[in-house]
Structures are given as structure tokens and as C-alpha cells.
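In the order they appear, the protein sequences are chains H and G.
Residue numbers are given in numbering that gives the first Met the number 0: position 129 of the first sequence equals residue 128, and the series is strictly consecutive.
Residue numbers are given in numbering that gives the first Met the number 0: position 217 of the second sequence equals residue 216, and the series is strictly consecutive.
I should point out that these hints are in silico values taken from the structure, not numbers from a laboratory.
Computed from a prediction, not measured in an experiment: that's the story for all the values here.
Distance condition first, Cα-Cα at most 20 Å in a straight line; then the derived SDA-like pairs of lysine to any residue:
(1) K81(G) / D105(G)
(2) K215(H) / P170(G)
(3) K58(G) / E175(H)
(4) K101(H) / A187(G)
Protein chains: 2
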Amino acid sequence: MSQTSQQKLLLLSASREGQTDYLEHVLPMMDVFLPSEVKEILFIPYAGFAMGYDAYEAKVSQALQPIKRKVVSIHQFDDPVKAVENAQAIAIGGGNTFYLLKQLYDNELIDAIRKKVNAGTPYMGWSAGSNMAGLTICTTNDMPIVQPRSFNALALVPFQINPHYTDYQPPNHNGETRAERIYEYTRANPHRYVVGIPEGTALERQGNQLFLRGAKDGLIFRDGEGIKSIKADSNISWLL
Amino acid sequence: MSQTSQQKLLLLSASREGQTDYLEHVLPMMDVFLPSEVKEILFIPYAGFAMGYDAYEAKVSQALQPIKRKVVSIHQFDDPVKAVENAQAIAIGGGNTFYLLKQLYDNELIDAIRKKVNAGTPYMGWSAGSNMAGLTICTTNDMPIVQPRSFNALALVPFQINPHYTDYQPPNHNGETRAERIYEYTRANPHRYVVGIPEGTALERQGNQLFLRGAKDGLIFRDGEGIKSIKADSNISWLL
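Chain H with its partners taken away, still in its complex shape (with noise of 0.2 Å):
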């Protein structure tokens, strides 16, 4: 990337990690990513159509209490649009991938996100939330429960990213593990870097730099090239 960005977005793969309180692990992230000026954050809690919008916003603005930043969420606004874009910052929640993509795209916010991140307002995603910085959904883990009009997400990264990356295989049973799945997308799409990012890790981007966080070590896919692992705290402005 030869241009200078003004991104600043923080990528975590999950809410928790392991035991952990909802959010509990990456208050601190968030706290030190979130410039000070930032009061209040504009939530997109469309992935967690299930439980409810109001449920979802409420359990948020709970868990982000110890750092002192109020949470509105966007169903809360007439106008989506001029919501983001008066947004001091953004978040995206966690739940399902394609509702959330049908959503963004059925309330034109694609192209809204998409130019205020750009212009420098923090974007902060977990799971679903993360997912949609990438170029498309095509690595994410959930259902298909609807069909968004296209799989292209915010590309505010240059790659795919794997949130809950884990290799676990349930014994005794036959499906394909997350190495397997990812390698089948880097062989149906060659050109294109896969970044796995297990629970408990974050990307974190500051314009033309880009860091994994936690404690954890992320892994890189790519056709041809194997898997690279890339170690906890590590640049990873290469990928950008």
C-alpha cells in the first residue's frame, strides 16, 4: 500500500476467551485503541438479530462501563446513514455473518463505513464484527441463514480474516477442521492471504501498520505457501 491511510481498527476474534466475562478480555485493548476524545460509540448490533436489538445494545453498554464509554446503537436512529456518519466511533458485534451483511447492505452502510473508517473514525469489530473488515465473507464461520446481495464485505484489510480460529476436531466426528476449510478457500481463490486469528487475539491497524495483539499466535494461509504462524505482538504491516 503506497498511500497513507488513516485507518484505526481493532479486530478481535472473540467476545471471550475462554471463562471470561462478555468483553471482560478486551476492555483493555479497547481502552488504550480508543483515542480519549471518543465519549460515545455508535453499535451495530444487526448480527445478534436473534436475542434483540435493545437485549444486544443494553448487554454492551454494561460490559464497556469500566472504561467509560457510552454505547448507542443504530436501531435507535431514523436515519442509519447520518448516524455513522456522526459516529465519534464504531462497533460491530458478534453473531451471525450473513444477517449482519444482508443488514449493512439492505440500510446502505457498506459505502457509509466504508468512507468514515477511511477518514479516520475508530472502527472496533469482534467475531461477525470482525469479519465484515475483511474483503468478503467467504471465510466465515457461521451459518448461511440468509442470503446477503453479495459476499464483498468493508475491505477496510486487504485479506480474509478467520475469527475463533481454532484446529480442534470433535472426536469421532467426520466434518472438515478449520485448517481444511480455510485450505479449500485458498485453493478456490489463489490470490488471496487468510489470517486466523484465535480467541483471545486481536488485529489491531494504526494507518499503515498492522499488529497482532494477545497472547496467542495467529496463523497465515495462502495458496502455495502453506501455513505461515505469526507470533503474539508481531507487525504484520506486510500484509497491508
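Chain G: place on chain H using the hints.
Relative to chain H, chain G alone:
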């Protein structure tokens, strides 16, 4: 369903159950299912693109030797639509559901297979090949590595299928369970039934009759109706 159906379907959850060899546990079911006049099976290998169509054809061919049916893959024919029209029986193997459906659309095979099977040609599928027989691929477990033209599948049965059904959750992992994923599907698609078939089981349709085969129970999900268990070998023709 008021019309008389000619359909013969065997929709297997998986190619393996526990530690069995490839397709080993399904051979007795296939042998009973296939009419004796069927000597050759047209095999559709698209879901297994990552292993290569020749290798996939050879693997299935070898696995079906004990039941004395010849297996010929559709990629050996110049005209795949004509190959379907001339088939004695059709089998679609497992792999990636999205890649499979995209290839069926790109090769104009959706209507051809539907017409042929509705006229009485036996259809067998396992894993992704069973997903194909449902209304849509919205309850696949696979990664959406490519985008098919539509999520609409062959609609050989008027409900959704979830193969490899399990409610196992890896220890300390925070992704959704299978039941949670299907629950979200039913919330987003309130009038649809989803049938979860565990590895080792199958759905068998003979005209207007539908049975669960195998030694394990299946599950039926629908919005507002909770989860119903269906006993092994029970008649579930009310779903048609």
C-alpha cells in the same frame, strides 16, 4: 403434498460414521435403495474440487465395488446436462456445499437434475450432496468459499437439511453450538422446517413416503415449535 411423487432419494448425513472406512457404513443402505436395474451411477464430484475430480471419482468407484455398481463422474462427459438426462442414477458427494452449488448453476444442472429426479431416477447424496436436496443451502455447515448465483438448491424435499448434525461444543470454545445456529435460521425463516441428521443416519424418500434411516435419532427444528426428536426408522412423511 397431494400429487403422487416418483422420487427416490437417499440423503446420507456423512460418508463416515466414527472410524468407519469411506462410505463403508452406507453400502447396505445404498444396496437396498438402488433398484437392481441400476448398473451405473453418474457421480457429481464438484464439492470435492480440492482433491481433484479424477481422484474423487476413483475413491467413490472403489468404495462402491462391494455393491457392484459402476461409477462414472460427470467431468468425463463433454455435455454434463446430457449426462444427467441419460443417467440411471445420480450421486452427489460431500465436500464444500458452496463450491458444489456454484458449479451446478454454472453448468446449468439445477433444472436438469430436478427434472430427472422428479421423473423417478434415483438420487443419492452425502453431506454437501444431501444439503443440495433441500430447499436452500442455508443450513449447511460449510465455509462460503465462493459465492453461488443463489442459495436455492435442488428442492427435492420441502424442508432444510442439516447433515453431520451434532451438538458437541469444543471445550473452552465460544462459537455457537449447532442447535444455536439452526435456532437462528428458524428465527430468520419462520415457516421452514430443518431436519438435523446425525452421522450414520439418512433420509430415504420413496414417492410420498419419507423415513429416517440408521440407528440414531434425528431432530426437527421450527420457529416457535422448539426441537422435536425423531426416532430411528420412523416414518416422517408428514414433512412432505
